[in-house]
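*Asks:* These are the residues of each chain, in order.
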Amino acid sequence: MSDQAGTAGAAAVQQKMTKPGPGRIIRDSILEGNTFTVTVLAIFTAFVVGGLLNAFTNTTVLHAWGNLFSDPGHAIATAWDTAVGAYIEMFEGSIFNPHTVSALFQQASFSAAIHDGYLSAVFNPLSETCVQATPLILAGLAVALPYQAGLFNIGAQSQLIGGMALTTYLGYGVSLPFFVHVVVCVIGGFVGGAALGWIVGELKSRTGAHEVIVTIMLNYVMVYFLAYLLSFPYLMQAPHNTNEISAPIAGDAHLPLLFGSHLRINAGFLVALACAAGVWWLLNRTTTGFEMRSIGKNPSAARVAGMNVERTWVLVMLLAGGLAGLAGATVIQGTDFTVNFQSYGTYGIDAITVALLGLGRPGGVVLAGLLFGALHAGAPLMQAVTGTPVDMVEVLQAVIVLFVAAPPLIRAMYRLRDTRAGGVGGVMSKGWNA
Amino acid sequence: MELELRGITKRFGSLVANDGIDLSVAPGQVHALLGENGAGKTTLMNVLYGLMQPDEGEILIDGTAVRFHSPKDAIAAGIGMVHQHFMLVPVFTVAENVTLGIEETNRAGLLDRRKTRRDVGVLSQRYGLEVNPDALVEDLPVGIQQRVEIVKALVREATVLILDEPTAVLTPAETEDLFRIIRRLKDGGTSIVFISHKLKEVQAIADTITVLRRGKVVGQRPPGTTEDELALLMVGRDVQLRVSKGAAQPGEVVLDVAGLTVGDQAGRVLVNEMSFQVRAGEILGVAGVQGNGQTELCEALMGLRPTMAGRVTLNGQNLTRATPAQRLSAGIAYVPEDRQEDGLIGEFSVADNMVLDQYNKPPFASGINLRLGAIAANATERVREFDVRTTSTQTPVGTLSGGNQQKVILARELAHEHKVLIASQPTRGLDVGSIEFVHRRIVEQRDQGVAVLIVSAELDEIYALADRIAVMYEGKITGIRPPTVPVEELGLLMAGGTDHDAGPPGLPESEPTPSAPTAGPGAGE
Numbered sequence: 001m002s003d004q005a006g007t008a009g010a011a012a013v014q015q016k017m018t019k020p021g022p023g024r025i026i027r028d029s030i031l032e033g034n035t036f037t038v039t040v041l042a043i044f045t046a047f048v049v050g051g052l053l054n055a056f057t058n059t060t061v062l063h064a065w066g067n068l069f070s071d072p073g074h075a076i077a078t079a080w081d082t083a084v085g086a087y088i089e090m091f092e093g094s095i096f097n098p099h100t101v102s103a104l105f106q107q108a109s110f111s112a113a114i115h116d117g118y119l120s121a122v123f124n125p126l127s128e129t130c131v132q133a134t135p136l137i138l139a140g141l142a143v144a145l146p147y148q149a150g151l152f153n154i155g156a157q158s159q160l161i162g163g164m165a166l167t168t169y170l171g172y173g174v175s176l177p178f179f180v181h182v183v184v185c186v187i188g189g190f191v192g193g194a195a196l197g198w199i200v201g202e203l204k205s206r207t208g209a210h211e212v213i214v215t216i217m218l219n220y221v222m223v224y225f226l227a228y229l230l231s232f233p234y235l236m237q238a239p240h241n242t243n244e245i246s247a248p249i250a251g252d253a254h255l256p257l258l259f260g261s262h263l264r265i266n267a268g269f270l271v272a273l274a275c276a277a278g279v280w281w282l283l284n285r286t287t288t289g290f291e292m293r294s295i296g297k298n299p300s301a302a303r304v305a306g307m308n309v310e311r312t313w314v315l316v317m318l319l320a321g322g323l324a325g326l327a328g329a330t331v332i333q334g335t336d337f338t339v340n341f342q343s344y345g346t347y348g349i350d351a352i353t354v355a356l357l358g359l360g361r362p363g364g365v366v367l368a369g370l371l372f373g374a375l376h377a378g379a380p381l382m383q384a385v386t387g388t389p390v391d392m393v394e395v396l397q398a399v400i401v402l403f404v405a406a407p408p409l410i411r412a413m414y415r416l417r418d419t420r421a422g423g424v425g426g427v428m429s430k431g432w433n434a
Numbered sequence: 001m002e003l004e005l006r007g008i009t010k011r012f013g014s015l016v017a018n019d020g021i022d023l024s025v026a027p028g029q030v031h032a033l034l035g036e037n038g039a040g041k042t043t044l045m046n047v048l049y050g051l052m053q054p055d056e057g058e059i060l061i062d063g064t065a066v067r068f069h070s071p072k073d074a075i076a077a078g079i080g081m082v083h084q085h086f087m088l089v090p091v092f093t094v095a096e097n098v099t100l101g102i103e104e105t106n107r108a109g110l111l112d113r114r115k116t117r118r119d120v121g122v123l124s125q126r127y128g129l130e131v132n133p134d135a136l137v138e139d140l141p142v143g144i145q146q147r148v149e150i151v152k153a154l155v156r157e158a159t160v161l162i163l164d165e166p167t168a169v170l171t172p173a174e175t176e177d178l179f180r181i182i183r184r185l186k187d188g189g190t191s192i193v194f195i196s197h198k199l200k201e202v203q204a205i206a207d208t209i210t211v212l213r214r215g216k217v218v219g220q221r222p223p224g225t226t227e228d229e230l231a232l233l234m235v236g237r238d239v240q241l242r243v244s245k246g247a248a249q250p251g252e253v254v255l256d257v258a259g260l261t262v263g264d265q266a267g268r269v270l271v272n273e274m275s276f277q278v279r280a281g282e283i284l285g286v287a288g289v290q291g292n293g294q295t296e297l298c299e300a301l302m303g304l305r306p307t308m309a310g311r312v313t314l315n316g317q318n319l320t321r322a323t324p325a326q327r328l329s330a331g332i333a334y335v336p337e338d339r340q341e342d343g344l345i346g347e348f349s350v351a352d353n354m355v356l357d358q359y360n361k362p363p364f365a366s367g368i369n370l371r372l373g374a375i376a377a378n379a380t381e382r383v384r385e386f387d388v389r390t391t392s393t394q395t396p397v398g399t400l401s402g403g404n405q406q407k408v409i410l411a412r413e414l415a416h417e418h419k420v421l422i423a424s425q426p427t428r429g430l431d432v433g434s435i436e437f438v439h440r441r442i443v444e445q446r447d448q449g450v451a452v453l454i455v456s457a458e459l460d461e462i463y464a465l466a467d468r469i470a471v472m473y474e475g476k477i478t479g480i481r482p483p484t485v486p487v488e489e490l491g492l493l494m495a496g497g498t499d500h501d502a503g504p505p506g507l508p509e510s511e512p513t514p515s516a517p518t519a520g521p522g523a524g525e
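From first to last, the protein sequence lines are chains V and X. Residue numbers are given in the numbering used here: position 170 of the first sequence equals residue 170, and the series is strictly consecutive. Residue numbers are given in the numbering used here: position 441 of the second sequence equals residue 441, and the series is strictly consecutive.
Derived by calculation from the structure, the hints in this document are not laboratory data. Mixed in with the good hints there might be a few duds.
[What the hints assert, rightly or not] Partial list, computed: chain V residues near chain X (C-beta under 7 Å):
hint : residue
1    : Ser205
2    : Leu283
3    : Thr287
4    : Ser300
Glycine included, C-beta positions come from ideal geometry on N, C-alpha and C.
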């Protein structure tokens, strides 16, 4: 009897649980401190910390602070203005600058304004954000995809260099008609990166070499290999040049611009979005992705279920390398048009932070890539107007990742309930233990 | 110390894990908590140990209410816990593990290893624990590791010792040793809370038996209570402890294993020239003390371990070099020994786990595309067919109870076309209701003409299921017997007596009691 009553009661409670109101859902999801909420708060906190850092390293502010007791209002106001001023310029440089709109309306006619690029100027910040985000998204995917399969790819840098080198070579060394040349160079970027990724996958599956070690070492190998290629004219050095730089790629190998000649946004951004969608589809909608995720979560159960763990590792690293190679291709074909011995920049490291911030998911990587892209795009204007060094961006990135990697810290700061253990911080340790 | 729980209630969302539980443990008493998996035993103990806070109710020690905010509080109050999965550092010695967290230092501020070793020695002597303070934990057999856990609790001056499913990982001989230790502790005035779902053990050791069902106390019984009555209390209905099955009607040989030899990476031979056959419509039960090559045999049959020599054929098809995927396709259904490690992906949904080895075959895939609709429909149907208790098919399988996890594996393996069912420890850690369910399904398979190979450490299970019993010892079959064989004879075979000297003359020197290499107390010295 009591048994039946218990079941009925439980069923009633369960029904109650499954149908909460929308307000309740929103409130709960914010308070629960799930990974999304924590990520947003981590970004917010990083901006606060960055602002404080900026304000208290600024000489004007420090001087005003020296007169704190004679004029406290001034000190606080200066600090506030410095911190917020830098962010305003960063915003204007990366998303929207009201001055460009007023300039647009001061023009005599709208058509003339368009012709002279005043309309483009309004959208230039967004365009720059997308341009900066393109390689970050692609390289971020190169870390996120292996993460889903339980591998930690530190080697986006080497794979990106592989892509850059092959793309550039195909760009100046081969002559092909316009569209074909673009496609061949993009594919070359994928192949160049994939080759590097494949080496890692093969070494891991055949010999058990840890992918973290192998990728870190390959980063060094490729940095010096690139410098070597660019040191000899019979390899890739531009003729009659003493610098370590290649010849520029042919004009018909440039990625097509999307919105006219005044904006740098190009087809590379579409490639990045398509790749993110592709990775999502691969992971969530295909048998191969099912294998990758299974192996990422529990390799021994995957093996018992008949999956070929080693082959999947190779495939994952090959695809990841290809994605990083594509990142290199979009840089060469979209903005740089030539490769020098430092073209790889900090993409390899940024890729890891983008993947971490994106929680290892393709959609998250796109958002994280856009955020970091905006930081990079806004930095020059910020430095030009407020004198805040562009290194501020590195600080912000670092602090964001620091907080994202420590969910309990954010939960404690904002008094959120803990709903799930682990978090993104697990990425690192998992990578090492895999 | 008298420990009392009053009206303890603990909820997880809609689930009431503990519902107004009253319990009192007198000094020097062994109080058994008996219940199926998911009855709320572990939750109750976590509340008592300060790992969880009760939603209602209170804990009283010698009549005064206390609150435990963390295990630290519980330990300070004299409560010790031995978890089902040991909390030991494998590369540390016994003494180091025992002292971890309460390290004593000498005047120079250095660790006082000598004192720790002495303390461990004294304690282990007093209670007959016999652990060597200098042994590395990773070198010790499971039974001895458990003693280290007990010593850890005793060093922290525990007067109430909670043992969570302590026998789940032990061999029968180790269990006997544990019971001996429990009795000595009891005589010394320590109270023991003994959590289990094994009726016989509870009867053997408990002074009072409290039965939990669905989070409630459904009864308290003296140890003399019959097994039937306890089982009835636990599951709320009459459980058949014996499997009802007709006579086997063996057909053609389906699985033929000839001279199978399997080793490990170090080159040790773990399965040594084993030969046996399993026919359609019969159950071959492999009995033996754990660690005699049963695990490796199953893994080799599934292609998870390379074969050093010998042949495995299924209906004449040579599978000796086949991959796991090829073996699955050839018609092997496989229930692995360690379901959480090898059978399931805990974070994946029930639905995904239901197709874990079928995801790339129709109807669950067309080409490279997963057909999510078919996967979901399959899950709904299997959940109903196998009575898997889950809130939805999208629930992560790791949150289900052991019995329901095993049902997910069985549902998956029995759904695809198969001629052989290999099940290793199919009911380990399951409650009575689930055991019965699994056994019924296995017999059903036999009756449908499947060749069934069962490997189990539980003799009862082998007796209940098998049509023929093969006994393994040190990687070899020491004998194959009909299920009518007396238990003494099996014991002899399990101890290494071969067919040859199982006869009346010349009994082997070793005792028939399973003297596995893992068991002996000598390992502790």
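*Asks:* For each hint, tell me whether it holds in the structure or not.
*Replies:* Verification of the hints:
For Ser205 (chain V), the suggested interface contact is broken, since its CB lies about 14 Å from the closest CB of chain X, more than 7 Å. A distance limit of 7 Å between C-beta atoms decides the matter here; for Leu283 (chain V) the minimum to chain X is near 10 Å, and the interface restraint is violated. With its C-beta approaching chain X no nearer than about 4 Å, Thr287 (chain V) sits inside the 7 Å limit, and its interface hint holds. For Ser300 (chain V), the shortest C-beta to C-beta distance to chain X is roughly 5 Å, which falls under 7 Å, so the interface hint holds.
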